[in-house]
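Following the hints, position chain A against chain Y.
Going line by line, the protein sequences match chains Y and A. Numbered per our numbering, the first sequence finishes at 382, counting up by one with no gaps. Numbered per our numbering, the second sequence finishes at 698, counting up by one with no gaps.
Hints in this document: simulated from the structure, not taken from any laboratory. One should not assume that every hint holds.
[Said to hold, decoys possible] SDA-like mimics (lysine to any residue), calculated; alpha carbons at most 20 Å apart, straight line: (1) Lys-86/A / Phe-360/A; (2) Lys-308/Y / Glu-327/A; (3) Lys-86/A / Ser-301/Y; (4) Lys-320/A / Phe-356/A; (5) Lys-228/A / Val-371/Y; (6) Lys-238/Y / Ser-60/A; (7) Lys-199/A / Gln-330/Y; (8) Lys-228/A / Glu-347/Y; (9) Lys-320/A / Ser-202/A; (10) Lys-320/A / Ser-305/Y; (11) Lys-370/Y / Gly-230/A; (12) Lys-199/A / His-96/A; (13) Lys-278/Y / Lys-259/Y; (14) Lys-370/Y / Gln-68/A; (15) Lys-259/Y / Thr-286/Y; (16) Lys-274/Y / Ser-60/A; (17) Lys-308/Y / Thr-323/A; (18) Lys-62/A / Val-367/Y; (19) Lys-490/A / Ser-427/A; (20) Lys-238/Y / Glu-67/A; (21) Lys-366/Y / Ser-65/A; (22) Lys-259/Y / Asp-412/A; (23) Lys-320/A / Arg-331/Y; (24) Lys-370/Y / Leu-72/A; (25) Lys-238/Y / Ala-356/Y; (26) Lys-370/Y / Pro-326/Y; (27) Lys-370/Y / Asn-71/A; (28) Lys-308/Y / Ser-427/A; (29) Lys-622/A / Val-655/A; (30) Lys-86/A / Glu-327/A; (31) Lys-228/A / Gly-327/Y; (32) Lys-425/A / Phe-352/A; (33) Lys-62/A / Ser-279/Y.
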Amino acid sequence: MRRVACQNRRVSPVQAVRANTVLRLLAPMLLLCSSLFPVYSAAQQERPTEAQVKAAYVYNFGKFVRWQSTAPATDSFDICVLGKNPFGSALQNTVSGEKIEAKSIVVRNTTIMQNDARCRILFISSSEESRLKSILTLAQQSNSLTVSDIPGFAQRGGMIELVSQEGRIRFEVNLAAAGNAGLTVSSELLKVAVKVIGTNQAGEIGR
Amino acid sequence: MNTLSQSGTARLSTLLLLVAIPVFLVPLSLADTSEEREQTNSLKELSLEQLGNLQVTTASKGPAAVWKTAAAIYVITHEAILRSGVTSIPEALRLAPGVEVARIDSDKWSIGIRGFGSRLCRSVLVLIDGRTVYTTLLAGTYWEVQDTVMDDIDRIEVIRGPGGTIWGPNAVDGVIDVITKPASDTQGGLASALGGNVEQGSVSVRQGGKVGSVDYRAYAKGFNRAAQFHSDGREFDHWRAMQGGFRIDWAESQRDAFTLQGDIYDERAGESVVATSYTPPYSQVLDRNALLSGGNILGRWKRVTGEGEDTQLQVFYDRTNRYEPNFTDLRDTFDADFLQRFRLPARQQITWGLGARFSHGDNPVVVSGLTFEPNPRTDHLLSAFLQDEISIVDHRLALSFGTKFLKTSFTGLELEPSARLLYTPTETQTLWAAFTHAVRTPSDAEENFSLAGYIGTTTTGLPYFARFNPNKNFRSEELNGYELGYRRLVGPRLYLSMSTFYNHYSSLFSEDITGSPFIEANPAPTHQLLPAEFGNGLLGTTSGGEIAPEWQVTPFWRLRASYSFLEMHIKRAPNSLDIGSAPGIEGSSPRHQVLTQSGFDLPKGVSVDLLYRYVSALPGQAIRAYSSADVALGWNVSRQFRLSAVGQNLLQPHHAEFGTDPGPLVEIKRGAYAQITWRR
Chain Y
176 MRRVACQNRR VSPVQAVRAN TVLRLLAPML LLCSSLFPVY SAAQQERPTE AQVKAAYVYN
236 FGKFVRWQST APATDSFDIC VLGKNPFGSA LQNTVSGEKI EAKSIVVRNT TIMQNDARCR
296 ILFISSSEES RLKSILTLAQ QSNSLTVSDI PGFAQRGGMI ELVSQEGRIR FEVNLAAAGN
356 AGLTVSSELL KVAVKVIGTN QAGEIGR
Chain A
19 MNTLSQSGTA RLSTLLLLVA IPVFLVPLSL ADTSEEREQT NSLKELSLEQ LGNLQVTTAS
79 KGPAAVWKTA AAIYVITHEA ILRSGVTSIP EALRLAPGVE VARIDSDKWS IGIRGFGSRL
139 CRSVLVLIDG RTVYTTLLAG TYWEVQDTVM DDIDRIEVIR GPGGTIWGPN AVDGVIDVIT
199 KPASDTQGGL ASALGGNVEQ GSVSVRQGGK VGSVDYRAYA KGFNRAAQFH SDGREFDHWR
259 AMQGGFRIDW AESQRDAFTL QGDIYDERAG ESVVATSYTP PYSQVLDRNA LLSGGNILGR
319 WKRVTGEGED TQLQVFYDRT NRYEPNFTDL RDTFDADFLQ RFRLPARQQI TWGLGARFSH
379 GDNPVVVSGL TFEPNPRTDH LLSAFLQDEI SIVDHRLALS FGTKFLKTSF TGLELEPSAR
439 LLYTPTETQT LWAAFTHAVR TPSDAEENFS LAGYIGTTTT GLPYFARFNP NKNFRSEELN
499 GYELGYRRLV GPRLYLSMST FYNHYSSLFS EDITGSPFIE ANPAPTHQLL PAEFGNGLLG
559 TTSGGEIAPE WQVTPFWRLR ASYSFLEMHI KRAPNSLDIG SAPGIEGSSP RHQVLTQSGF
619 DLPKGVSVDL LYRYVSALPG QAIRAYSSAD VALGWNVSRQ FRLSAVGQNL LQPHHAEFGT
679 DPGPLVEIKR GAYAQITWRR
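The following block holds chain Y by itself, in its conformation from the complex:
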């Protein structure tokens, strides 16, 4: 179990160093050489980023969810991002020029909850995870569709949770939470969801 005495090695030091040096300098070159191939720009376009796909989802959710007519009337369809913005410019690029409920879409970044019900969609960033419980409590009074990629969001009372599965982005729906806020979720959305928890009391779903 304990060390035994060191043994001396009789190898030409110069040879050993030279061989080692050549290999050691060659190996990193292998990593660098690949950068010189311009071939993979095609591959670049095949792979969107997480942010782009999530932005596309948020836009789609706006199209497949119906708000009550008693919800406050607004000039624009507001999508509020609460906390650190994970989309970069992707969300803005996705919604520019588009309309939902015949209104143009506005993306707003906020760090504090605005419970004046102006946000149709409230995206809660993962930076707000520690405040999630209080955010969801406030959101209940505002008729907003709450969306997030915080793990366990749907289980904790959020309406739509974006999940990562094997390199793909999918979503789960908490129907009870949506129903309690007076939102109607289209059956087309529910069909594609990987998980739907809580059924609406009224039992009726769909457009």
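Showing chain A alone in chain Y's frame:
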């Protein structure tokens, strides 16, 4: 000597890596912002189903768990492990900066964090899913019995340095926490088989399922590994193992969650040991199989009572059977740990906990030169900790301080205080500083252990032995560690983390000669004895740093790299009786380590990973500096099938990484294997 020119070329190759890469690649990475706009436009045309089928690239983001930690933490992700083609936990640890992993032979590794690497790794706390696998028999971890299905590993969190108050005892130079996926993430079936020349064969099967709100999985795995290269032909280190286990997770409500998990294993690990006995033949090298078997079962309950407020209770039992050629350890360990977090006004979060571990060991004598006295024995370890985290400026400045209280069967009450500061000046950078006083508690190996070594024959024909006698006064080794670290998100694609440390050690393990040789009649027959014991006669400092960038260079190319630097100055304490073991300790840890993992995503689900590492010389082990490279090709043929081919240690036919085995250095062979994985 070789070392001077080697450290010069080491620096050169390191510089080459760090400088040349940005020069080549900046133009490529700037190209694509206009393409991004086009892409978002085409994405919104897709149906929901189509969106769900797209493969995405994830930007290199500062991992959330790591960002707010005031410690030098590195997370080896599941993806990094899968793509690198490593087949065991010790090999996976090579992917973290600051960790020295040297493979001794087929089934043994020398591992250390920031110095003191050795076969048993005495100053690093190692856990698997919260269960400590550190043995208090010999102070260390038996790496050859720490295994699981590699695909089930969610991540390995490696903390360099003392890490803080909440970690269990003996987290002196680091903490390694292997975390497996919850059962809800391993649903369905998985079967994988691989074969090669060194990794001769390995099969894993795992089945996961769900019953109501209970998720479960069960697995079985077996492998056969060939001996490594032996210049004297003694191929003693064949390794065969079988292991099985299960995990059950029950999320009873939003408040309570329960977990039950367990494993059993049975292995034949070939080894070569020196067996000493007072009767002829006095010293023999035995090349035999060690029969290692055992199992564990762990239960955990967690209740979440509020924001950042929870209570956890964990209980585990471990049985270890080690039948080695020169000793036997039959051990039962019971452990219970309690942890609670709650908030106080003025933005404080209190974490406190209690722990108790009882370990009963039976070590029947195999050779007379290696004994434990008294036998059997029960050791205990009691701990408590208290930590206060204060948010001085919300989201900007946080201070945490606390202490651990430790009491073992060998020592009185010891305190391990720690203070940490975390400063977040902007959204994209954090700076942290820490001071910790940590101790490594004594083990049976120092206090209850007699180990003899045969020196020769005296002129009068008597056999002459040296023996390390039990030292009941062996104290804990102590560390005062000062650390500093910085993390930065440079743009959305580059994440940089660096840390530096200065550790001052005292009462370090030393090998002391306690008197002049004398004639001893017992144990018979009469012989001459040189008395020795393990003492606390060394002290010294270590310092150094690590830098680890992670760069999503292009959407299809991710680069992870690290450079670690270590300087050790260990010497005898005044009046120490140490025989001069300090240079050997200093010379067993590398001064420089470089690692790069370059991952490419090609079309049609193909991935290529190139791993390169450089480790500088270990004069204390007679090991020259070496470089090594692995290539891992993966092909996701369909949603269900994955093929991979991995070549390991490709740069030389064989190379040595560490000593310790009797005889010439065992060298690690160049090898390759192919693997097929099926998933439902």
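Quiz item: Between Lys-228/A and Glu-347/Y, is the straight-line Cα distance small enough, at 20 Å or below?
Solution: 18 Å, holds
Practice problem: Decide if the proposed pair is consistent with the structure: Lys-320/A and Ser-202/A, CA atoms, cutoff 20 Å inclusive. | Solution: 16 Å, holds
Quiz item: Regarding the pair Lys-199/A and His-96/A, is the alpha-carbon distance no greater than 20 Å?
Solution: At roughly 9 Å apart (the allowed maximum being 20 Å), His-96/A and Lys-199/A satisfy the hint.
Quiz item: Is the straight-line distance between the alpha-carbon of Lys-370/Y and that of Gln-68/A 20 Å or less?
Solution: With a Cα-Cα distance of about 17 Å, the restraint between Lys-370/Y and Gln-68/A holds, given a limit of 20 Å.
Quiz item: When you check the alpha-carbon spacing of Lys-490/A and Ser-427/A, does it fall within 20 Å?
Solution: 11 Å, holds
Quiz item: Between Lys-199/A and Gln-330/Y, does the CA-CA distance stay at or below 20 Å?
Solution: Holds - the C-alpha atoms of Gln-330/Y and Lys-199/A are around 18 Å apart, at most 20 Å.
Self-check item: Proposed proximity, Glu-67/A with Lys-238/Y (alpha carbon, max 20 Å)
Solution: Holds, at about 15 Å.
Exercise. Compare the distance between the alpha carbons of Lys-62/A and Val-367/Y with 20 Å, and conclude whether the hinted pair is satisfied.
Key: 16 Å, holds
Self-check item: Straight-line alpha-carbon gap Lys-238/Y to Ser-60/A, limit 20 Å
Solution: 17 Å, holds
Quiz prompt | Pair hint Lys-259/Y and Thr-286/Y, alpha-carbon separation not exceeding 20 Å | solution = Satisfied, since the Cα-Cα distance of roughly 8 Å is no more than 20 Å.
Quiz item: Is Lys-370/Y within 20 Å of Leu-72/A, Cα to Cα?
Solution: 18 Å, holds
Self-check item: Pairwise hint evaluation, Gly-230/A against Lys-370/Y, where the allowed Cα distance is 20 Å at most
Solution: 14 Å, holds
Going through the hint list in order, the structure does not satisfy hints 13, 28.
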